[in-house]
Amino acid sequence: MTMRGVLLFWLFGWLALQGAEVTTELSTDVVEAGHGAMLTLRIEGGDADQAPQIPEVKDLVVNPRGRSQTMQIVNGTVSRAMVYSYIVGAHVPGEYDIPSFPVRVGGKVFQTDRLHLKVRPSSSGEPGGMGDEEKVPGEESDFGHLTFQMVEKDRKHVYPGEIAPVRIQAYFPVGVRVSLGGQPRPEGGAFTLQNLSEQPRQEIKNLEGKDYRVLTWYAGLSATKAGTYPAGLSLDCTVAVPDRSAQKGLPGFEDPFFGRSPFDDLFTPMVQKDVTLKTPEPPELEVLELPKEGRPENFSGAIGTFEFESVQIPETMETGEPTRVRARIKGSGNFTLLKQPEPLPADEWKTYEGQEDFSPGDAASFEGTKEFSFNVVPMRPGAKDVRLGLTYFDPDLGAYQVLESDGQKVAITGTVILDEGEQKDGGNERPPLPDGPELAPVRETLGRVGRYEPWPVERVTTTVVGCGSLALALLGWGIWKQREVDPRRLAWLAVRAAEASALAAAEEAVRRGDVPGFFRAAREALQCRLAEFREVRPESLTLTDLEGRVEERCLELWRTGDRMEYSGEVASAGSLEEWREVLHEGLKRLSEASTRA
Amino acid sequence: MKGKFWRVVVGLGMLFGASVRADEGFERALVDYHSGRFEEAAEGFEKVLERDGPRVSVLQNLGSAYHQLGQEGRAILALERALLLAPRDPDLQANLKRIRDEAAVFTVEKSDRWSSWRSRLSWRKWSQLAVLGAVMMPMGVLLGWAWSRKPGRWIALPVGVLGGLVAVGSSWMLRGWDEVTTRAVVIGGPATMRISPFETAQEKGSLPAGREVRLGEQKGDWFWVTVDGTASQGWLAKDSIEPVVPRRE
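Residue numbers (this note's numbering), protein chains in the order written: chain S, 1 to 597; chain D, 1001 to 1249.
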C-alpha cells in the first residue's frame, strides 16, 4: 500500500467515525417462556472496539449469535454497518427491562436505548378450541396446532341433526414439512363433520413474530345425540423433523439457551414422524334434545331458518290432473333434510316426489337455496287460495316453525276426486293415515313368502346375454335362409354364371380362331353384364340398350356379331385379339356405368 | 313311478303342514301383540320368519312389536327388510319414517329418478322381469319366422324387441344390489365405534340404535363401517349391527 492509499484509508475511517451511530432493536416485544426474541445491535459507520456486553438481567438469558457486516455504496458514498445479534429470552414469565449499556466505537462511547421484553407463560397449558384465532396457537407440539371456531360465535348449544358451521384451522410453523394424512375429524361419537371442504385454504400468517402456514377448512358440525360433550377435533399428519438422535452438533456452535447450534438443522438428517394434532382442551358443547311437544307430523328433521324465495303455481288447474309446481327456499341450516313443501290444506291435494336442486351459498353448504319442482294433483274444485307449507325447527327460537308461502289464487275445474281410502269406505271414514301419530295397524293376514335377494345377478346377466345372442343368431340364420331362396338373388347368380360361361367360350374361340363363335359369345357376355345390373333377362336386351353406355367399337362388336348371326358373314380371324380387348373394355364400361347409376 | 307319486304326496303334505304351523304361529303372535305382550309377539314373529322365510306382514308386525318394546334398532331393521320385499308399501314407509323420527335417526335418502324407478319393484321381481324379457327375445324371433307368412309376425317381432329392452333395463336395475348387501342397521345402541378391531381399542364415537351404516371389511367379530352423509367411520362389533340382507353363515 502506498502512502497515498494509507492516507485515504485513514481519511475514510475518520470521516466514517464522525457519523457513527448505534441502535438496538428487538424482533418482538412479547415471547413465550422458553422462546427467544432476536436482539440486534447495529453500529453504523464503524465497529465496536471490543465486543459489546449486554448487562445481566435476572432470569433473562442472552445468547450471542455472532457478528455480521453490511456495506452499501450509494452515489459513490460508502456506508458500513456492523451488526451484533443476540437471542434473548427467559424461562420465567414476566416483564424484563434491558437497560442502556455503553458501546465504544473508535474510542467514542455510545449509549444504547433501553429495551423492554415481555415473557408470557407458554401457551401449551392454555385452553384452545374456540379461542381467538389470531392468538399465537399453543406450542403444545413443535409440529403444529389445531383450532376451530363456530362461525356463529354466540351459539351455546346445538340440536341433534342440526348443522353448525365451523371454521377449522391448522397452524404449522413455516419450515416444518407437513403431509396431511387425511382431513380433520371429530373426536368421540357425539359429533360428525358434514360438507367438509375438500381442499383447505392455505395462507401464511405472522403471529407474534413467528410465521405459520395456516390451513383453513369449513364444515358443518352436527351432533348425533343429546347431552354435553367435548367438541374436539383431530388431524393426522406426517411431519419431517430433524433426527435428534443423530445430532452431533458442531464444536464451538453450541447454543446454551436452545441447546443446539444454528447449523444443526443444516446437517441433521430428517426423519418422518406421524403426529395427530388435537384441539387442546376442547370446549364442552351442549346438545339439546329436539322437543317432542309441538313436533309437527310432517317434520323432516330440517333445522335452521328458512324462507320462501319464490313460488310458481299455475293459475288454473283441473282436478285429477298433475300440475307442476316450483318453489325456491333460501336460508341456512341442514338443507339435506329439508323436504319439499306441500300445498295447503294438505288433504285437498295429492303430492308426488319431485326433483330438488341445492345451490350452496357458502363453503360449508350451510347457507344456500334449494329449488323444488314437483307435481301436485288437486282433489277438490273451486277457487282456492293456494299456499305451500313446510315445517322446520328454529334453533335460535328453540321451537318448531310452520313456514307458509304467500297465497296464490288458483281456479280449479273438474269434479271432486276421492282418494283410494274414501272410495273403499264409501267416503265415510278415511283409512288409517300412514303419516299419523300412530303406527299403521299390524297386518292380520299372513301373505306370501318372499325373497330378499334377486335371482343371482350373474346368472340373470348370463341368461340375458345368452338369450340375446340366441335371438341374434336366430335372426341372422333366418335372414341367411331367406336370402338363399330369394328369386332375385338366384336370377342374379344365374346371369353371373352365364356371363362367366360366355367369357370362357369367347376365350376358347380366340384360341381356336373361331370367329363366329367369338362374336356370339362376346355378345352374350355383354348381354349378361348389362342384365346383371338392370335385373332383366339377358335375351331381352338389344343393341339399343347398349347404346350410350359403351364406346363405338364395342357397339361395332355387337353389330358384327348380329351380322354373323343373321347373315352368315364371317370376319377375318386375325382381328380377334383386338376384338377381345374391345369386349373387356366394354364389360368394364358397363360395370362402371352401373355403379355410377 | 309309484314311488315318485308318494314322494309328491308326502312333499305336498309337508308343505301344507308348514303352512298350517305358520298360520298358527302368526295367529298366536298376533294375539300376543293385541294383548300387549310385545316381547312374546316379537318372539313369535321371529319364529315364523325363521321357519318359513320373509313375509311383508310378519316383518311389519315384527317392526311394530319391537317399536313397542323400545327396540328401535330392531324395529327399523325389520321394516328395512320388509321394504326389500315391498318397496312401495305406504304402511311400511310411514312406519319406518315415524320410528326413525322418534329415534332421531335421520338418513340421507336418494330421491333421484333412478332410485324412484328402481323402488317400483322388489329386487326379486326385477330379476324375474330380466329373465322373462330375456326369454321373450328368442321367442319373438322364432314366432316371427314361424308366422312369416301370417299377420302374427308383426306382433311377434316387436315382442322380441320389447323383451330385449325389458331384459336389458331390468338387468341394469340389478346393478345396485351389491350396494344393498353392504347396508346394515345398528340394533343395540349406542354402539361404540373404535379405531381398531379390538375391544380395548380407542373409541372413535358411538352410533345410536337404528342408524344405518355401510359395511366394509370384516376382521373376526368386527366390521369396518362408514356412515353415509357423514365423515364417521370405524370398527363396530359384529353383534351390535345386523345386515339388512341377512347373510348366510
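In case anyone wonders, no lab produced these hints; they're calculated from the structure.
Computed from a predicted model, the values in this text were never measured in an experiment.
Among the hints, erroneous ones may be present.
In the DSS-like style, the derived pairs of lysine-lysine whose C-alpha atoms are separated by at most 27 Å in a straight line are [claimed, not checked]:
{"hint": "1", "chain 1": "S", "residue 1": "K350", "chain 2": "D", "residue 2": "K1097"}
{"hint": "2", "chain 1": "S", "residue 1": "K339", "chain 2": "D", "residue 2": "K1150"}
{"hint": "3", "chain 1": "S", "residue 1": "K225", "chain 2": "S", "residue 2": "K339"}
{"hint": "4", "chain 1": "S", "residue 1": "K481", "chain 2": "D", "residue 2": "K1047"}
{"hint": "5", "chain 1": "D", "residue 1": "K1150", "chain 2": "S", "residue 2": "K225"}
{"hint": "6", "chain 1": "S", "residue 1": "K225", "chain 2": "D", "residue 2": "K1238"}
{"hint": "7", "chain 1": "S", "residue 1": "K118", "chain 2": "S", "residue 2": "K225"}
{"hint": "8", "chain 1": "S", "residue 1": "K330", "chain 2": "D", "residue 2": "K1097"}
{"hint": "9", "chain 1": "S", "residue 1": "K292", "chain 2": "D", "residue 2": "K1047"}
{"hint": "10", "chain 1": "D", "residue 1": "K1150", "chain 2": "D", "residue 2": "K1004"}
Okay, the calculated bits of chain S under chain D, using three or more residues with CB under 8 Å as the criterion [as the list claims (entries may be wrong)]:
{"hint": "11", "stretch": "220 to 232"}
{"hint": "12", "stretch": "446 to 454"}
{"hint": "13", "stretch": "458 to 469"}
To be clear about the criterion: a stretch of chain D counts as covered by chain S if any three or more of its residues have a C-beta under 8 Å from a C-beta of chain S, and this derived list gives those stretches [unchecked claim]:
{"hint": "14", "stretch": "1123 to 1136"}
{"hint": "15", "stretch": "1213 to 1224"}
{"hint": "16", "stretch": "1227 to 1241"}
In this text, a Cβ means the ideal position worked out from N, Cα and C, and glycines have one as well.
Hint check results:
no.: 1; hint: K350(S) to K1097(D); verdict: holds (19 Å)
no.: 2; hint: K339(S) to K1150(D); verdict: violated (56 Å)
no.: 3; hint: K225(S) to K339(S); verdict: holds (22 Å)
no.: 4; hint: K481(S) to K1047(D); verdict: violated (60 Å)
no.: 5; hint: K1150(D) to K225(S); verdict: violated (71 Å)
no.: 6; hint: K225(S) to K1238(D); verdict: holds (22 Å)
no.: 7; hint: K118(S) to K225(S); verdict: violated (45 Å)
no.: 8; hint: K330(S) to K1097(D); verdict: holds (25 Å)
no.: 9; hint: K292(S) to K1047(D); verdict: violated (35 Å)
no.: 10; hint: K1150(D) to K1004(D); verdict: violated (43 Å)
no.: 11; hint: 220 to 232; verdict: holds (count 3)
no.: 12; hint: 446 to 454; verdict: holds (count 9)
no.: 13; hint: 458 to 469; verdict: holds (count 7)
no.: 14; hint: 1123 to 1136; verdict: holds (count 10)
no.: 15; hint: 1213 to 1224; verdict: violated (count 0)
no.: 16; hint: 1227 to 1241; verdict: holds (count 5)
Checked against the numbered hints given earlier, this structure breaks hints 2, 4, 5, 7, 9, 10, 15; the rest are met.
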